[in-house]
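**Student:** So the protein sequences, as listed, match chains U, L, B and F. All residue numbers for the first sequence refer to this note's numbering, where the first residue is 1 and numbers rise by one. All residue numbers for the second sequence refer to this note's numbering, where the first residue is 1 and numbers rise by one. All residue numbers for the third sequence refer to this note's numbering, where the first residue is 1 and numbers rise by one. All residue numbers for the fourth sequence refer to this note's numbering, where the first residue is 1 and numbers rise by one.
Hints in this document: simulated from the structure, not taken from any laboratory. There may be inaccurate statements among the hints.
Which copy is meant is left open, because identical chains are indistinguishable; a pair holds if it fits in one copy or across any two.
Unchecked claim - Derived lysine-lysine pairs resembling BS3-like cross-links, with alpha carbons at most 25 Å apart:
id: 1; residue 1: 441; residue 2: 294
id: 2; residue 1: 235; residue 2: 2
id: 3; residue 1: 7; residue 2: 205
id: 4; residue 1: 200; residue 2: 300
id: 5; residue 1: 235; residue 2: 420
id: 6; residue 1: 235; residue 2: 200
id: 7; residue 1: 294; residue 2: 454
4 protein chains.
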Amino acid sequence: MKYENEKVSGIHIAYIGGGSRGWAWGLMGDLAMDSDLTGTVKLYDINYEAAQINSTIGNNLSLRDDVKGKWRYEAVSTLKEALTGADFVIISILPGSFKDMASDVNLPQEYGIYQSVGDTTGPGGIVRALRTIPMYVEIAEAVKAVSPNAWVINYTNPMTLCTRTLSEIFPQIKVVGCCHEVFGTQELLAAMLKAMKGMKDVSYKDITVNVLGINHFTWINEASYQGMDLMPIYKEFVDKYYETGFEEHPGNWEKSFFGSANRIHFDLFRRYGLIAAAGDRHLAEFMPSTWYLKDPDTVKAYKFSLTPIEYRLKRQKELSHQSKRLANREEEVALRPSGEEGLRMIKALLGLGNFVINVNMPNQGQVSGLPIGAVVETNALMARDSVRPVMAGRLPIDIHNMVSRHVLNQEVVLRAALTKDKSLAFRAFSNDPLVNIDINKAEELFNRMLQNTKGYLSGWDL
Amino acid sequence: MKYENEKVSGIHIAYIGGGSRGWAWGLMGDLAMDSDLTGTVKLYDINYEAAQINSTIGNNLSLRDDVKGKWRYEAVSTLKEALTGADFVIISILPGSFKDMASDVNLPQEYGIYQSVGDTTGPGGIVRALRTIPMYVEIAEAVKAVSPNAWVINYTNPMTLCTRTLSEIFPQIKVVGCCHEVFGTQELLAAMLKAMKGMKDVSYKDITVNVLGINHFTWINEASYQGMDLMPIYKEFVDKYYETGFEEHPGNWEKSFFGSANRIHFDLFRRYGLIAAAGDRHLAEFMPSTWYLKDPDTVKAYKFSLTPIEYRLKRQKELSHQSKRLANREEEVALRPSGEEGLRMIKALLGLGNFVINVNMPNQGQVSGLPIGAVVETNALMARDSVRPVMAGRLPIDIHNMVSRHVLNQEVVLRAALTKDKSLAFRAFSNDPLVNIDINKAEELFNRMLQNTKGYLSGWDL
Amino acid sequence: MKYENEKVSGIHIAYIGGGSRGWAWGLMGDLAMDSDLTGTVKLYDINYEAAQINSTIGNNLSLRDDVKGKWRYEAVSTLKEALTGADFVIISILPGSFKDMASDVNLPQEYGIYQSVGDTTGPGGIVRALRTIPMYVEIAEAVKAVSPNAWVINYTNPMTLCTRTLSEIFPQIKVVGCCHEVFGTQELLAAMLKAMKGMKDVSYKDITVNVLGINHFTWINEASYQGMDLMPIYKEFVDKYYETGFEEHPGNWEKSFFGSANRIHFDLFRRYGLIAAAGDRHLAEFMPSTWYLKDPDTVKAYKFSLTPIEYRLKRQKELSHQSKRLANREEEVALRPSGEEGLRMIKALLGLGNFVINVNMPNQGQVSGLPIGAVVETNALMARDSVRPVMAGRLPIDIHNMVSRHVLNQEVVLRAALTKDKSLAFRAFSNDPLVNIDINKAEELFNRMLQNTKGYLSGWDL
Amino acid sequence: MKYENEKVSGIHIAYIGGGSRGWAWGLMGDLAMDSDLTGTVKLYDINYEAAQINSTIGNNLSLRDDVKGKWRYEAVSTLKEALTGADFVIISILPGSFKDMASDVNLPQEYGIYQSVGDTTGPGGIVRALRTIPMYVEIAEAVKAVSPNAWVINYTNPMTLCTRTLSEIFPQIKVVGCCHEVFGTQELLAAMLKAMKGMKDVSYKDITVNVLGINHFTWINEASYQGMDLMPIYKEFVDKYYETGFEEHPGNWEKSFFGSANRIHFDLFRRYGLIAAAGDRHLAEFMPSTWYLKDPDTVKAYKFSLTPIEYRLKRQKELSHQSKRLANREEEVALRPSGEEGLRMIKALLGLGNFVINVNMPNQGQVSGLPIGAVVETNALMARDSVRPVMAGRLPIDIHNMVSRHVLNQEVVLRAALTKDKSLAFRAFSNDPLVNIDINKAEELFNRMLQNTKGYLSGWDL
């Protein structure tokens with residue numbers, strides 16, 4: 001790398017899952033709009049062809065006149081090739097196919113267990129984790145061997161266990177897990193200021209929050225905008241919209257599987273007094289099945305949706321077509337911010353501007369009371385070659401209990417995956433709050449799910 | 001007190017709940033059989049008459065020729081009187097009436113929640129705790145004011161929260177909580193040696209175990225008898241009796257509400273690999289309702305019973321009659337060991353013989369990973385004016401997760417009771433593994449139970 | 001307070017030690033140059049007249065046309081009056097007179113113990129602490145009673161023990177201790193960039209450092225400027241200037257009692273590998289007397305000075321004259337930044353700009369390995385009504401051992417002062433690295449020093 | 001091994017340092033007097049001939065009619081041979097020769113540093129540790145490879161660092177470090193009961209103490225005998241004998257280099273309030289040189305001695321002669337208890353009698369506040385295949401500070417020895433309380449000492 005006039009050239013980014021559609025193009029767009037950095041992005045994907053198409057798309061972009069950041073994109077066929085010389089490693093993979101995800105989500109429904117996402121916790125999240133951890137073991141070992149000083153930025157779910165696997169296998173790894181769900185809650189707070197106070201131009205980035213918990217189940221206990229304390233305003237906001245829910249664009253939740261009317265946000269605030277900082281679809285899955293995911297009617301009453309796998313398959317097909325159009329320049333990558341903060345983090349890590357943002361990292365004490373080493377989500381100060389968590393404090397004990405149950409379950413899942421121990425894995429599975437069915441039925445479901453994902457569980461005694 | 005020739009006279013014991021039947025007579029018998037100690041027992045009870053009858057029974061005993069330990073029994077009408085000058089304080093009360101207990105146990109059944117005991121955890125245990133904690137606050141404050149140097153021995157359930165309340169209110173209190181459930185598991189191990197190895201005369205006291213967890217949900221990870229490691233033998237034992245269960249006197253579980261065929265012991269060992277160290281009736285209540293307490297048929301299949309309140313009421317009546325017969329000397333207190341270790345502890349605390357026994361005490365680190373200050377059950381070394389826990393180590397993380405959930409829930413219950421916070425109390429209630437019902441139904445149940453126990457909840461906004 | 005257009009009016013600052021000269025005028029100047037804030041500063045001082053003169057000086061300032069921030073200054077005669085309604089409390093007092101300080105510094109010299117400052121550690125620092133702690137107990141109790149929600153900013157030395165006393169007496173207090181010594185080391189790094197790399201315009205504020213340790217004995221293990229890692233440059237810098245020392249203005253150390261040629265900085269870096277982040281005068285006092293403070297010749301060889309009390313007395317007199325001139329407007333307060341960050345902190349706490357700065361606060365885990373609750377110095381994120389430490393990590397164990405010895409000694413001093421326990425105080429005194437003399441001689445010195453400061457030790461048995 | 005009738009045969013003990021004189025014969029005697037155990041002792045020593053002579057001595061013993069425990073002794077020539085099949089490993093070696101020890105003790109004297117023993121701390125202890133740690137690395141690796149389930153009992157000094165090295169290299173090792181110094185203090189308490197209360201037949205084994213600290217610098221905060229609290233009696237005892245000191249056999253300290261009049265015991269009690277639980281010779285070395293080891297006159301005034309190396313050399317020669325006489329049966333091994341508790345521990349670990357005794361083990365929390373993993377000395381409960389520390393609590397903070405300094409210094413020494421880092425080793429050396437000399441002189445001394453012990457420091461850059 002070479003620094004000159006607060007610009008850096010010769011940066012090498014390894015992109016694991018470089019054949020991905022949405023995420024990869026988002027990053028390409030962000031890089032293209034920034035004039036301070038240039039270098040090479042090596043795209044690695046188990047689907048090499050997809051990586052190649054993406055390299056074409058990326059290189060097309062660099063030819064455009066309106067693009068300020070000119071990067072070279074290169075598809076590579078091995079992990080080692082991607083990592084060699086890497087300054088940054090971005091990981092954004094789909095662990096398994098959507099068919100596997102269908103098993104994660106649909107099979108539990110046969111047993112009366114509904115999941116709105118199925119990629120983080122619950123039966124789907126746990127089985128997905130068992131499948132993903134070996135992939136992350138391989139990545140961690142490769143980073144350790146090939147690019148131990150690179151910064152690794154993870155985007156894959158289950159976020160906590162992916163990040164945790166990296167730090168377990170290679171404890172010195174420089175890793176942050178990044179997720180935009182907290183931004184969504186900051187946006188909700190900005191929308192609240194508009195709705196409650198008539199303040200129109202508040203950017204979510206100017207909402208200061210203190211975040212503590214784990215990915216998709218993290219909590220805000222302090223929120224402010226300039227001189228204003230947002231907590232009492234949020235209370236009024238919840239009181240006003242508790243029954244109806246609140247959306248910036250009312251009715252959106254019925255049109256998009258990703259939308260919601262924030263009724264779970266509001267119910268959790270009423271019951272627990274803090275602001276849960278992820279979308280309702282994720283939050284619902286961390287609570288017992290007797291709360292928000294009892295059955296489709298309950299889901300509808302709470303104004304959110306179960307994301308059907310059919311939708312994901314359809315969307316995948318569309319993106320596949322789009323990728324071809326982009327490669328052929330029948331269509332152009334749009335130059336608008338992706339909403340992710342990967343680029344800003346890279347710049348901070350290069351010394352081009354310290355900032356504070358929420359990240360997922362092993363707990364060094366930033367969340368008091370949660371185990372040291374478990375991956376938690378809090379704010380951190382990013383600076384040159386350094387990410388230091390901000391002390392977030394301690395959750396109220398009632399919330400802590402709920403969070404801790406998931407944290408410890410995740411640790412059990414990790415250990416089960418690493419030791420290929422089916423009995424141990426089931427102990428985690430049976431202890432998930434969504435697995436609220438007869439223990440023997442639960443065991444049957446677990447066995448069927450494992451059979452479906454067996455192809456990824458080499459060395460297990462199944 | 002006066003020491004002479006390894007005997008101690010002039011000891012003062014305060015007995016809170018001194019009108020109790022079974023427990024009080026047991027202690028009287030134990031004291032009567034020991035020639036090393038004498039002194040006064042002050043009996044305090046909210047039922048003063050019952051305390052008076054017991055004082056007559058106790059003093060009758062001291063008149064008998066076959067009695068070696070001559071104690072004076074005195075009924076007193078205030079807590080302060082009982083505690084004044086006390087060297088030891090024994091607490092064994094019934095918090096509320098059996099009618100209250102009927103609400104604890106029967107109301108949840110209307111909602112499909114079955115409890116085998118209902119005094120420790122589950123809806124019944126939690127509501128009982130809410131009722132009991134104010135009584136223990138009063139006791140703690142009295143001990144602090146009147147007899148701060150006395151050793152306090154608690155026998156009341158919920159053991160953990162009673163002991164925890166004492167240490168919360170008066171952190172310097174010298175307190176141990178005592179429970180015979182671990183002895184029962186040691187006896188099971190002795191019976192195992194007979195069944196599996198033909199060893200007939202093994203006393204449970206010679207079975208060495210390492211105990212760690214919380215009262216009624218504690219675990220043994222090391223067990224030995226002289227040179228023998230009992231863990232592999234237990235594995236064979238479980239394999240042999242897994243389906244049928246095991247009882248020293250087969251069929252007993254169907255005759256007694258307190259018996260069981262240890263099938264839950266065996267199932268927990270199969271699933272988790274450690275020996276759970278309480279009776280099946282207690283263990284069942286700590287696991288989710290989808291395991292052992294799903295419905296009466298499941299209970300029967302696991303060969304244990306739901307203790308009906310009717311039985312307790314009947315038994316109470318019998319004991320009331322017996323107490324009159326004992327006071328009138330129509331019947332005599334039997335001189336046989338009670339099976340409790342209170343006397344042996346008192347002797348150790350007086351300097352008359354160090355020994356190691358399981359006790360419930362605030363965690364100073366004896367169970368790694370559980371919160372400091374939470375009341376845990378492990379071995380401790382008892383010596384003159386000193387009880388020091390033995391480092392018990394760390395539970396396997398999967399078991400730790402289950403135990404930790406209860407520990408934190410107990411902390412929430414404590415705080416709710418101390419601050420009279422109904423919403424907080426419900427957060428604990430709704431997080432109990434037996435409360436696996438629709439969250440709104442759970443709230444209804446909770447409200448009804450609180451109404452029933454309202455008389456004990458002064459200052460609450462109900 | 002009132003917010004309008006990102007400006008705040010009606011702020012109330014209580015200034016304890018409001019009769020001080022240098023510090024008070026510096027704050028007045030900083031406030032005067034800032035157009036975003038206005039309000040009232042209440043000046044409280046045991047020397048009421050000095051506070052009155054300062055109020056005149058401050059109000060004069062507000063009349064000037066070139067002053068943007070118009071504040072009202074008011075001398076008050078009680079602590080309570082000052083604190084009533086306070087949003088911020090600034091504490092900058094002289095604990096005792098310079099005559100007391102003469103005893104702190106000169107008496108130890110009779111025993112061969114040399115101190116370069118004598119206000120933080122060593123015999124002088126410890127006795128000063130014993131004298132100061134009761135004053136801080138009084139302040140803490142007043143803040144608790146009168147203005148519990150105010151933010152307290154401490155500038156007084158001994159910084160650690162003053163701040164620690166506040167948090168001991170009123171654990172919920174919102175307190176930060178501020179010290180400019182780290183800025184000095186950041187300035188040294190900026191000067192290094194000029195000397196070694198020809199970079200002329202680097203501001204110390206743009207030097208990013210990770211700080212961990214305790215006030216006046218804190219350490220930097222990461223330092224960067226934009227994309228540059230400053231640690232290897234510092235190594236070359238030390239190698240180049242190890243023998244001669246380095247000063248921006250060579251020879252300055254001989255002219256000013258506050259200067260140094262950074263030889264102790266360099267020696268500590270050579271021996272320990274991290275950058276000590278305070279001036280040499282302070283650093284020397286934390287090391288054993290056999291290192292840098294053996295005798296005046298050693299001090300001279302290391303190119304720093306013992307600050308004579310005569311100098312301080314002379315300086316005090318000058319400032320006293322200046323204060324009169326300022327009150328009479330024979331002279332005007334200069335409008336230049338004081339170099340302290342108090343104003344920037346106040347603005348951040350009001351929601352007018354988050355930033356990261358080093359502060360002294362009770363350890364919540366920001367320095368791993370040091371006791372929770374001890375006051376440590378690290379970076380913190382300042383935001384609206386919030387100061388959250390940044391996780392600074394763990395010191396190398398050899399440095400940790402030296403720091404820990406002082407931290408624990410400070411805890412002993414605190415306890416001794418609170419319990420007025422002379423024997424305990426001597427145990428801290430005798431364990432200070434500068435007290436390297438015969439234990440009986442040490443006791444004699446200690447007794448003489450206590451006699452001299454007796455007037456402040458009410459309730460002690462001396 | 002074979003159990004029968006509470007006796008065990010076929011035990012295999014590996015004795016590392018099996019050519020030693022005093023210690024080996026003591027163990028042989030203890031084994032010979034016990035009728036419950038038999039088996040083989042494999043003697044390994046770098047001096048093979050000495051091991052052979054000892055095997056002859058041991059086998060002679062087994063031929064005697066008055067010997068109940070018949071063991072077979074076998075000299076082996078490799079560590080591996082000794083450990084193969086071992087149930088127990090006893091380590092009692094002399095790390096280096098007495099010539100090396102002469103350097104440890106005499107060289108510092110040239111610089112004015114006096115040491116009474118020189119094997120634990122101070123310049124001598126640190127250099128001895130640097131020499132010994134590589135030997136223990138070798139032993140730890142061999143135990144890990146050959147006999148990972150064996151119990152290892154260490155007797156070698158420096159006790160803490162020997163034990164610590166074993167647990168660092170092989171964390172799963174089952175190790176206890178045993179030392180009789182606490183017994184000596186228990187004997188002092190027994191003697192006190194005789195002197196103060198006329199109680200003649202008290203055995204030190206019946207004195208119950210709570211011990212906490214590190215080997216040779218551990219402390220007693222509770223002591224009792226039957227119903228008596230010994231702490232107030234000790235206070236009177238100290239008051240009575242503070243000036244004169246106390247010995248059971250007055251004047252003994254002048255005749256034996258190992259005796260003392262306990263004046264340091266008494267002075268530490270006066271100053272700190274707890275009973276230091278090691279001999280004065282050891283205690284003196286943990287305190288700054290300005291206390292008890294200032295010069296020979298001070299030593300004499302405190303009524304203890306500097307053990308001259310000449311004495312050790314002379315004693316070695318005598319034992320060498322004795323060993324030949326024993327091998328030739330010109331003399332017989334005396335059958336009297338050695339005063340060590342190794343045999344009793346072995347029996348407990350075999351399941352033949354649980355008991356509580358002080359041991360050195362990695363801290364799991366038994367001493368609150370000291371680092372987890374550091375080797376500390378407390379009571380422990382020994383049972384079949386199990387040693388569990390008793391929670392000893394927390395030292396008063398002033399004593400904790402002194403102990404902690406040594407604990408952390410030991411950790412630095414360990415790291416320096418493992419990484420062969422001379423600079424790091426000097427940082428520990430220069431931070432020892434006895435190294436109170438000019439820092440440059442200290443460096444010179446350190447270098448000279450390292451040169452003298454260079455033969456053991458392979459791989460170091462000296």
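**Student:** Indicate, hint by hint, whether the structure satisfies it.
**Tutor:** Here's how the hints hold up against the structure:
Within a single copy, residue 441 and residue 294 get their C-alpha atoms as close as 17 Å, and across copies as close as 13 Å, so both meet the 25 Å cut-off. For the homomeric pair residue 235 and residue 2, the shortest alpha-carbon distance between copies (22 Å) is at most 25 Å, but the shortest distance inside one copy (50 Å) is not. For the identical chains of this complex, residue 7 and residue 205 are neighbours both inside a copy (24 Å) and across copies (20 Å), given an alpha-carbon limit of 25 Å. With identical chains, the CA atoms of residue 200 and residue 300 are never at most 25 Å apart, being 30 Å at best within one copy and 64 Å at best between copies.
Within a single copy, residue 235 and residue 420 get their C-alpha atoms only as close as 46 Å, which misses the 25 Å cut-off; across copies the closest is 22 Å, which meets it. Taking CA atoms no more than 25 Å apart as the test, residue 235 paired with residue 200 passes inside one copy only; the shortest distance there is 20 Å, against 52 Å between copies. Neither within a single protomer nor between protomers do residue 294 and residue 454 lie at most 25 Å apart by alpha-carbon distance, with minima of 29 Å and 32 Å respectively.
When held up to the earlier numbered hints, the structure conflicts with 4, 7 and fits the remainder.
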